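Visitor: Heads up: the sequence lines are chains S and F, in that order.
At position 142 of the first sequence (counting the first as 1) the number is 142 in my numbering, and the numbers step up by one without a gap.
At position 142 of the second sequence (counting the first as 1) the number is 142 in my numbering, and the numbers step up by one without a gap.
Hints are computed from structural coordinates only; laboratory data are not their basis.
Only a predicted model underlies this, so the values are computations on that prediction, with no experimental measurement involved.
From the three backbone atoms N, C-alpha and C, an ideal C-beta is built for every residue, glycine too.
It is possible that part of the hints are untrue.
Which stretches of chain S does chain F cover? Using the computed rule of at least three CB atoms under 8 Å from a CB of chain F, they are [stated by the list, open to error]:
{"hint": "1", "region": "135-141"}
{"hint": "2", "region": "152-160"}
Anything over 12 Å on all C-beta distances counts as not near chain S; from chain F, calculated [to be verified]:
{"hint": "3", "residue": "Lys37"}
{"hint": "4", "residue": "Gly42"}
{"hint": "5", "residue": "Arg45"}
{"hint": "6", "residue": "Met46"}
{"hint": "7", "residue": "Pro47"}
{"hint": "8", "residue": "Arg49"}
{"hint": "9", "residue": "Cys55"}
{"hint": "10", "residue": "Arg60"}
{"hint": "11", "residue": "Pro79"}
{"hint": "12", "residue": "Pro90"}
{"hint": "13", "residue": "Asp101"}
{"hint": "14", "residue": "Ile118"}
{"hint": "15", "residue": "Pro123"}
Here chain S is said to cover these stretches of chain F; the calculated rule only asks that three of the stretch's residues, wherever they fall, bring their Cβ under 8 Å from a Cβ of chain S [stated by the list, open to error]:
{"hint": "16", "region": "28-34"}
{"hint": "17", "region": "64-77"}
{"hint": "18", "region": "107-115"}
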Amino acid sequence: MTRGIRDRTAIVGMAQTKFGKGLEDSELSLACQAIAGAIADAGLRPSDVDGLASFTMEEMREVEVARNVGLGDITFFAQISYGGGAGCGVVGHAALAVAEGQCDVAVVWRARKRAARSSRVWMQTTRRLSDHYQWARPFGVIRPVDEIALLMRRYMHEYGATRDHLANVAIAFRKHANRNPHAQMYEKTLTREQYMNARWISEPLCLYDNCLETDGALAVVITSAERARDLPQVPVYIHAYAQGLPQQHQTMLNYYCDDPLTGPAWACARRLWANSDIRPHDINCAQIYDAFSPLIPLSLEGYGFCKRGEGAAYTDDGALEWPNGRLPTNTAGGGMSEAYVHGFNLVLEGVRQLRGTSTSQVEDAANCLVTSGEGVPTSALLLRR
Amino acid sequence: MTEKQPTASGFVLPDLEVPETRGFWEGTAKGELRVEKCGACGRRRMPPRPMCPACQSLKREWEVMSGRGTIWSFVVPHPPLLPTYAELAPYNAIIVSLDEDPSLRFVGNLVTSADGPINEIDPNTIQIGEPVRVVFHQLEDVHLPRWVRARS
Ligand SMILES: [Zn+2]
């Protein structure tokens with residue numbers, strides 16, 4: 001039985017602004033530049049666009065974007081919550097809407113001016129909490145990195161994972177960024193020694209276990225597979241998409257269930273593979289959400305590349321590195337070394353791999369797994385050409 | 001909405017007037033570590049919330065725990081942090097699994113005494129699996145649960 005949106009839609013356009021800290025342009029201007037660029041890349045006109053999907057954390061509202069870029073009459077617009085967990089789901093919602101005829105050409109984007117210190121969400125913590133954060137923040141578990149570090153310490157204890165495994169992740173992604181002129185860390189190499197001597201952020205995690213802080217915007221254009229075949233770019237088909245919000249889940253502070261180390265990726269992956277002709281061992285390359293290095297071993301397990309507890313060891317022997325690793329991952333540098341734009345840059349790198357235009361191009365790449373944030377209600381895409 | 005004004009101590013603290021959680025904080029003020037329990041099927045749940053996920057009952061009770069547990073995990077945060085916490089960093093934050101049911105967990109701090117600072121214990125001596133017991137520390141009008149080594 002064929003289920004899901006299997007190849008009925010394709011990503012036909014994409015664009016990004018430059019990435020950096022303290023970009024002069026406003027967030028709205030960045031969003032408009034990326035969206036207009038993606039529409040032009042697709043060989044379409046702004047007035048062709050009739051669908052929009054974005055993150056709930058997106059501060060550029062649909063009306064502003066549509067008025068500025070000169071979009072057509074919008075007949076589908078939607079948002080998904082949970083920050084870094086949303087990106088692939090937003091693309092999936094747009095694809096569903098196109099597949100079901102709610103719109104013909106959809107744009108999905110993310111714009112962010114993150115690099116200013118004042119924009120750190122945790123800095124805005126109020127002093128009297130009425131939500132679930134009251135069970136953690138008073139004790140000094142203030143930032144997302146503290147929340148994930150608590151899970152990672154437990155994971156290390158249960159499975160013998162070490163900082164060397166996390167260094168494998170950070171170094172692999174940095175090597176890819178060093179080949180990508182658009183990456184924020186293009187010119188900065190990272191050695192194992194530098195990693196081991198880095199300052200702590202939340203032990204057992206150090207500076208290099210964390211993503212970057214980035215200003216920038218990105219957008220993609222989605223239309224039907226039929227229309228895609230008449231457009232200038234190689235169509236990148238959305239083979240499958242899934243979301244995951246597992247039972248008794250409590251976002252990053254997921255300590256209140258039977259098994260906190262089984263995150264949303266597991267639920268998402270079950271649906272993703274069920275709706276796909278592709279299996280984990282068929283995957284040519286992956287773009288895995290990496291706000292923090294521990295999310296890589298946890299996601300490798302959740303998406304079925306290895307068994308529970310084996311995700312850290314999976315990263316040994318350059319497994320994540322282009323060109324010879326068994327699963328080249330985050331081939332543009334990911335959130336840790338290219339740019340952190342809530343993982344949306346991972347979607348664009350997935351598209352580049354299937355167009356054959358990555359700066360770390362996997363030979364004959366025919367498919368790519370793209371994931372959004374593990375640790376929060378999440379989503380994933382299987383792209384193919 | 002929660003108030004935006006910094007509290008006098010500079011620590012982030014719970015709002016004590018939320019219907020779902022008020023009973024928990026009333027418990028800590030009396031030296032009790034309470035866990036919410038379904039009034040219909042008896043299933044315990046943490047954090048407290050209106051409905052039982054097992055039977056959908058809205059009946060809720062508080063059950064006083066022994067206050068004994070083991071360390072499930074811990075971290076040592078370093079700056080950048082909110083100012084009051086940055087001054088204390090590096091400090092420890094731990095997760096404790098309760099003896100009554102290890103899937104009931106609390107985030108807290110390991111201290112040498114109820115009112116001791118959260119950066120007093122050498123983090124290199126903290127071990128997952130260590131037995132701990134609850135103590136209570138007053139900050140403004142809140143009594144926070146904290147943890148001491150069970151044999152101290
Ligand atoms: Zn019940």
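Visitor: Each hint should be assessed against the structure and marked as holding or not.
Guide: A quick look at each hint next to the structure:
1. Counting residues of the region 135-141 of chain S whose beta-carbon sits less than 8 Å from any beta-carbon of chain F gives 7, enough to reach three: the coverage restraint holds.
2. For the region 152-160 of chain S, the proposed coverage by chain F is satisfied: 3 residues have a C-beta within less than 8 Å of a C-beta in that chain, meeting the threshold of three.
3. Every Cβ of chain S is farther than 12 Å from the Cβ of Lys37/F; the closest lies at roughly 15 Å, confirming the non-interface assignment.
4. Every C-beta of chain S lies more than 12 Å from that of Gly42/F, the closest at about 17 Å, which supports listing it as non-interface.
5. With a cut of 12 Å on Cβ distances, Arg45/F falls inside the contact zone with chain S, its closest approach being about 8 Å.
6. The claim that Met46/F is not at the interface with chain S is violated, since a C-beta of that chain comes within 12 Å of its own (minimum 5 Å).
7. In this structure Pro47/F is not separated from chain S by more than 12 Å, as the shortest Cβ-Cβ distance comes to only about 5 Å.
8. Consistency note on Arg49/F: stated as away from chain S, yet its beta-carbon is not over 12 Å from all of that chain's, at 9 Å minimum.
9. The non-interface label for Cys55/F is consistent with chain S: the shortest C-beta to C-beta separation is roughly 15 Å, beyond 12 Å.
10. Even its closest Cβ contact with chain S, about 16 Å, leaves Arg60/F beyond 12 Å, as expected for a residue assigned away from the interface.
11. Separation of Pro79/F from chain S is inadequate, the least Cβ-Cβ distance of about 9 Å not exceeding the 12 Å criterion.
12. The beta carbon of Pro90/F sits about 7 Å from the closest Cβ of chain S, which is not more than 12 Å, so the claim that it is off the interface is violated.
13. With a least beta-carbon separation of about 10 Å from chain S, Asp101/F fails to lie farther than 12 Å from that chain, contradicting its non-interface assignment.
14. A beta-carbon of chain S comes within 12 Å of the beta-carbon of Ile118/F; the shortest separation is about 6 Å.
15. The beta carbon of Pro123/F is not kept farther than 12 Å from every beta carbon of chain S, the shortest such distance being approximately 7 Å.
16. Proximity of the region 28-34 of chain F to chain S, defined as three or more residues with a beta carbon under 8 Å from a beta carbon of that chain, is not established by the 0 residues found.
17. For the region 64-77 of chain F, the stated coverage by chain S is satisfied: 6 residues place a CB nearer than 8 Å to a CB of that chain, which reaches the threshold of 3.
18. Counting residues of the region 107-115 of chain F whose CB lies closer than 8 Å to any CB of chain S gives 3, so the stated coverage by that chain holds, three being the minimum.
Figure legend: structure checked against the earlier numbered hints; hints not met, in rising order: 5, 6, 7, 8, 11, 12, 13, 14, 15, 16.
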